Each structure stands twice: as C-alpha cells, then as structure tokens.
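> Assemble the whole structure, with the sequences as input and the hints as a guide.
Those protein sequences? They're chains A and B, same order as listed.
When the count follows the numbering used here, it moves up by one through the first sequence with no breaks and lands on 357 for the last residue.
When the count follows the numbering used here, it moves up by one through the second sequence with no breaks and lands on 357 for the last residue.
It should be emphasised that the hints constitute simulated quantities derived from the structure, not laboratory data.
Careful: at least some of the hints might be erroneous.
You can't tell identical chains apart in this list, so a pair holds if it fits in one copy or across any two.
To be verified - Taking lysine to aspartate or glutamate pairs in the DMTMM-like style, the calculated list, with each CA pair at most 20 Å apart, reads: (1) Lys22 with Glu233; (2) Lys327 with Glu292; (3) Lys243 with Asp66; (4) Lys220 with Asp66; (5) Lys93 with Asp229; (6) Lys243 with Asp229; (7) Lys93 with Glu134; (8) Lys327 with Glu207; (9) Lys327 with Asp346; (10) Lys22 with Asp155; (11) Lys243 with Glu110; (12) Lys22 with Asp33; (13) Lys327 with Glu233.
Being a predicted model, the structure only gives us computed values, none of them experimental.
Residues per chain, in single letters:
Number of protein chains: 2
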Amino acid sequence: MRAVKLYGARDVRVEDVPMPTIREHGDAIIKLAAACVCGSDLWAYRGIDPITEPITVGHEYCGVVTEVGPTVTNVKVGDFVVGSFFASDGTCEICRSGYYSGCLDRRGMGGENCQAEYLRVPLADGTLVATPTTPSDDLIPHLLAASDVLGTGWFAAKAAEVGPGKTVAVIGDGAVGLLAVLAAKELGAERIIAMSRHEPRQKLAIEFGATDIVTERGDAGVARIKELTDGLGVHSALEAVGTQESMMQAIRSTRRGGHVGYVGVSHDVNLPGLELFFSHVHLHGGPAPVRAYLPDLIERIMTRQIEPGKVFDLTLPFDQAADAYAAMDNRSAIKAYLTF
Amino acid sequence: MRAVKLYGARDVRVEDVPMPTIREHGDAIIKLAAACVCGSDLWAYRGIDPITEPITVGHEYCGVVTEVGPTVTNVKVGDFVVGSFFASDGTCEICRSGYYSGCLDRRGMGGENCQAEYLRVPLADGTLVATPTTPSDDLIPHLLAASDVLGTGWFAAKAAEVGPGKTVAVIGDGAVGLLAVLAAKELGAERIIAMSRHEPRQKLAIEFGATDIVTERGDAGVARIKELTDGLGVHSALEAVGTQESMMQAIRSTRRGGHVGYVGVSHDVNLPGLELFFSHVHLHGGPAPVRAYLPDLIERIMTRQIEPGKVFDLTLPFDQAADAYAAMDNRSAIKAYLTF
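Laid out in structure tokens, this is it:
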C-alpha cells in the first residue's frame with residue numbers, strides 16, 4: 018500500500034510499504050477513506066522537530082474497518098469509524114474521568130501510518146467510534162476533521178468554559194483555531210472574536226460564527242480585545258498556536274477570573290509565574306481528549322448541523338502529498354485533503 | 018497611635034504615627050482588635066522585595082468600626098467587621114463574578130497601616146463584612162485568620178475544585194497551607210496529604226484534617242504522592258509557597274485532568290509550557306477573593322465549627338512586633354499574633 022514518509026525537512030515522499038497487520042488482540046485495521054495534513058505535522062516538516070531517520074507523519078483518520086483482533090467487541094468489519102490521535106483504552110481511571118488523551122495506556126497514533134491507505138489502530142474498543150450509518154461521500158471531510166482539528170478546537174472551547182452569554186477570543190487562524198470558532202458558536206457563545214489577518218481565513222471564521230475580526234497581534238491585539246470588551250478582556254480565550262506570543266496574548270486578553278483554553282502544542286513557551294498569578298485566569302489545555310467528544314461531534318456531522326470539513330481548502334491526489342505539505346507550509350492552504 | 022514600620026531588611030520598629038482619617042466618602046475607620054504577621058510580609062523583611070524607604074507592612078485586620086464616611090451604608094459605628102487584603106467596590110463586573118480581589122477599583126491594603134491600632138479601610142461597603150453579633154474575645158484570632166490566611170487557603174481549595182471524594186495534596190506548611198488543609202476538610206475531601214517536615218506543623222495539619230503526612234520534597238515528594246495514589250497523582254494540589262519548586266511539585270503531583278490551586282505569591286517562577294501542556298492539569302490561582310468567602314467563613318467561626326486561629330502559635334504584645342517577625346523568619350513560629 019502507499020504511505021507518506023518524511024525523510025527530512027521539506028522532504029515528503031509517497032512510497033510503497035507493507036500492509037499493517039493485527040499485532041495485539043485489541044487492534045483493528047481500517048481502510049482509510051481519505052488522509053490529511055495537520056498543522057502540527059509542519060513542526061517536523063520545517064525541521065523544528067529534528068528528523069534523524071524517515072518518519073511517519075499524520076495522526077488523523079477515518080474509514081472502514083477491514084479486520085479486528087480477537088478481543089474487539091465495540092466495532093466490527095464494515096463499520097465506518099472515526100478515532101483520535103491518541104488511542105486509549107477507555108477503561109482506566111483517567112479515561113473514565115473524560116481525559117482519554119491522558120489514558121494510562123495511551124498510544125500516540127503518530128507512530129502508525131495515518132497518511133496511508135490502511136491503518137492499524139490499537140485499543141480499538143476504547144478508541145474507535147462507529148457512525149450510526151455509512152456516511153455519504155460528501156460527509157467524509159467533516160468526519161475526518163472530527164478526528165483532530167474539530168475535536169481539538171472543541172476541547173479549547175470546553176477547557177475555556179465557553180457557554181451561553183460568553184465573549185470569546187480565538188488566537189490562531191489555522192484549522193484548529195477556525196474550528197474553535199465553530200465550537201464556540203455551537204456551545205452558545207454570544208460574541209466570538211477571531212484573530213486573523215488572512216482574508217480567506219477571516220471569511221471562514223465568519224461563516225463558522227465569528228462576530229468580530231481582529232487583525233492586530235501581540236500587545237496591539239490585546240489592546241484591541243480590551244477595547245471591544247469594555248476594558249475587561251474576554252471571558253474565554255482559545256489558544257491554538259503554541260508559541261510564547263500566542264499564549265501571552267491569550268492570557269492578557271482574558272478578564273480576571275476568566276478562562277484560557279490552550280491546545281496549540283507548546284514550543285519554547287515559558288509562562289511568567291508572577292504575571293500569571295495576578296492575571297487571575299484559569300488555564301487548562303493540552304492534548305485534546307477528542308474521543309470524549311466524538312459521539313456528539315459525529316451526530317452533529319451526520320445530521321448536517323456542522324460542516325467542519327470546510328477547513329479543507331485544497332484537495333490533491335494522495336501521490337501529491339508533498340505539494341499538500343508545501344501549500345500548508347506557505348499558508349496558501351488552510352488544510353490539505355488527500356484522496357486515494 | 019502605634020504602628021509597625023519596616024525600615025529595611027530585618028529592621029522592624031513600632032512607632033507613633035498620626036491616627037488615620039476619613040479621606041474618601043466610602044471610607045471607614047476601624048479600631049483593630051489585634052494584629053498579626055503574614056508569611057508574605059517576610060519577603061520584604063528578608064530583603065527579597067527591596068526597601069528604599071520605611072514601609073507599612075501587614076494586610077490582615079478585624080475590629081470595631083469607629084467612624085464611617087458619608088456614603089457608607091453596609092456597616093455602621095460599633096459593628097465588628099472583617100475585611101480582606103484588597104479593598105473592593107463589590108459592584109463592578111469583576112466583583113460581581115466573585116473575583117473581588119480583581120476588582121477594577123481594588124486598593125491593596127498593604128499601603129494602609131494594618132499592623133497598627135487604627136486602620137482606614139477604603140470602599141468600606143464592598144470590603145467589610147460585619148459579624149452578626151459582637152464576638153467573644155476568644156473568637157478574635159479566628160476572625161483575624163479569616164482576613165487572609167484562611168480565606169487564601171479556602172481559595173486554594175476552591176480553585177483546585179476540592180470536593181467530596183477528592184484526594185488532595187497541600188504543598189506548603191505555613192499558615193496558608195495549614196488552613197488549606199482545613200478548607201479541604203470542610204469542603205469534603207476524602208483524603209488530604211499534607212507535605213511537611215516540621216513536627217508542630219504536622220500535628221496541626223492532622224488536627225485540621227490531614228489524613229497523610231509526606232516529608233519528602235521536590236521529585237521525591239512527587240514520587241511519594243504518586244505512591245499514595247496508585248501512580249495517578251491527586252485530584253487537587255493546593256500550592257501555598259510560591260517558588261519554582263513548589264509550583265512544579267504541585268503540577269507533577271496532580272493527575273491528568275486534575276486541578277492545581279496556587280496561592281503562594283510567585284517569586285521567580287517560570288512554568289515550562291510543554292510540560293504544562295502534557296500534564297493536562299487545570300491551573301488556577303492568584304490573590305484570593307477572600308471577600309467572597311467571608312460571610313461563610315464568619316458563620317463557621319461564630320458557630321464554632323472551625324478554629325483557624327490555631328495557626329497563631331505565638332502571642333506577643335504589639336510593642337514586640339520585631340520579635341514576632343524574627344520568630345516567623347526562623348520558623349520557630351507558624352504565625353505571630355500581636356495584642357494591644
């Protein structure tokens with residue numbers, strides 16, 4: 018089968034690799050319906066996370082189960098399923114508390130081949146959620162988005178306690194940030210301020226429910242948010258970048274007693290304790306427990322309440338995966354979708 | 018009247034100063050019932066917070082109202098009142114959300130003379146809470162403790178979502194840490210692990226409700242907490258020190274999805290973003306909104322449900338304030354109480 022491998026910075030190749038097989042009793046094999054590139058794949062692509070040997074990339078997936086291990090009971094061959102970037106057992110105390118991505122037996126799906134035609138999923142019972150019926154083809158992008166970017170944006174909103182009557186700022190206009198806007202809208206936020214200086218992303222933010230666009234960044238961005246919120250700052254800031262600037266912007270944009278939900282994977286971030294102390298904000302985030310939200314998200318997608326797959330603004334044949342990475346790297350695409 | 022002034026590192030003097038007067042329409046003047054020294058006063062006493070001219074210290078107070086400004090309606094002359102280290106208007110949007118210590122018009126009481134015979138309290142209507150009846154003398158230490166150390170320990174527990182069934186660790190065995198133990202007990206925690214290597218403090222922690230004592234610190238302390246919690250860590254860590262070591266100990270002692278409530282004023286703390294991200298903890302803290310809890314705390318004290326004043330293990334005449342500071346500095350006293 019074909020799979021993407023990253024050989025070094027900006028060196029993406031599609032090559033033939035062996036089919037995955039059942040290795041543990043709880044595994045399932047999935048024929049993927051499509052593949053896609055994540056913003057966090059770019060850290061390795063850009064050489065910021067160093068590469069010493071060819072690595073698998075990607076961690077988003079949905080498709081049809083073709084084989085299951087002997088202990089798997091929650092999904093069966095023929096089911097259309099969606100999973101998350103951390104496989105989880107669903108039974109440990111941390112999973113039961115809702116933090117599936119903190120599962121005591123979690124397995125990072127980055128080590129499997131998610132940008133490939135077939136995928137092995139460990140801990141299938143705890144990880145995979147089947148759709149109630151086989152989705153029509155036009156729903157596939159939305160379901161694939163649920164696997165990470167939607168689920169992660171959703172967690173940002175949940176972590177920041179978004180709800181009715183709240184004013185929300187979203188820092189980051191990548192796919193996760195844009196879907197954090199959608200999540201805030203779905204969760205009832207009254208006002209949603211999207212921070213973006215890119216017109217196509219602004220448009221999509223507005224389509225997803227943003228009520229205001231702020232183009233300024235850093236201190237100027239914070240000042241603009243304060244202006245829009247009677248000097249107080251927002252109730253909830255949703256951080257979807259992972260840099261020092263974006264984290265401080267999120268903290269400084271939030272009113273005392275408000276909430277910051279952060280989901281951008283931290284790179285060289287150090288939070289100054291004294292400023293955090295006096296900011297009075299709640300801080301919560303990390304790898305999103307997407308599995309917790311999948312049943313709800315799948316239902317919203319299958320009933321066509323939400324269309325998170327709109328973040329895919331570039332579709333390419335799988336063999337052109339290198340072009341997909343390049344387009345996301347130079348920000349000409351928000352998120353690239355790969356068809357087989 | 019007499020007041021304490023700090024002239025430099027370890028240079029505490031009691032001197033005669035003018036009586037405070039009503040300066041704003043919303044002020045009240047209080048004849049203080051007693052005075053006390055706070056652990057956070059030691060930062061200046063030890064020269065860690067530099068002193069360039071004689072400063073007032075202390076920020077805890079309770080006593081009888083002797084005079085009120087023309088707009089004050091919530092308290093009257095003769096009332097016994099307790100207030101917090103931040104005066105607050107009680108009417109702004111931040112106060113109404115419960116974050117009184119983040120009041121848009123807040124006034125730090127450190128600038129007034131709280132270690133003195135009489136005290137001016139600005140924003141009296143929003144700041145002071147009267148006891149339902151005049152307290153008997155033996156209740157004064159408990160009410161004075163409510164002004165900061167109890168209210169701050171209470172906030173640590175609230176910020177860390179302490180409740181029935183929860184396992185809690187308390188980092189810091191000063192007055193705030195010990196009263197965080199009491200708060201956790203009152204809020205229904207099932208298990209309360211106090212971290213202390215000082216026998217008198219361990220005893221008081223147990224009296225306040227601690228179920229376990231851990232004497233190890235740093236990485237060894239974290240390992241011990243993990244041992245006591247099936248390898249998971251606690252649901253709630255209450256941080257009451259304010260150093261890098263104590264903050265990291267709190268974060269690392271907490272299970273994924275758990276809560277850290279931090280109230281130790283941060284000194285040279287920098288939180289590593291990536292570790293925080295993958296820790297999956299909730300982080301909340303800052304200057305405690307003590308005013309929010311005062312009605313509840315006063316009721317618990319007046320009905321003799323709790324005795325937070327037990328943290329005062331040294332009582333001295335006011336003129337010996339220098340000895341009170343020295344005893345807290347060398348940790349021979351947990352907290353010093355000064356009588357007039």
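> Going through the numbered hints above, which ones does this structure break? Give me the numbers in ascending order.
The structure breaks hints 1, 2, 3, 4, 5, 8, 10 and 13; every other hint is satisfied.
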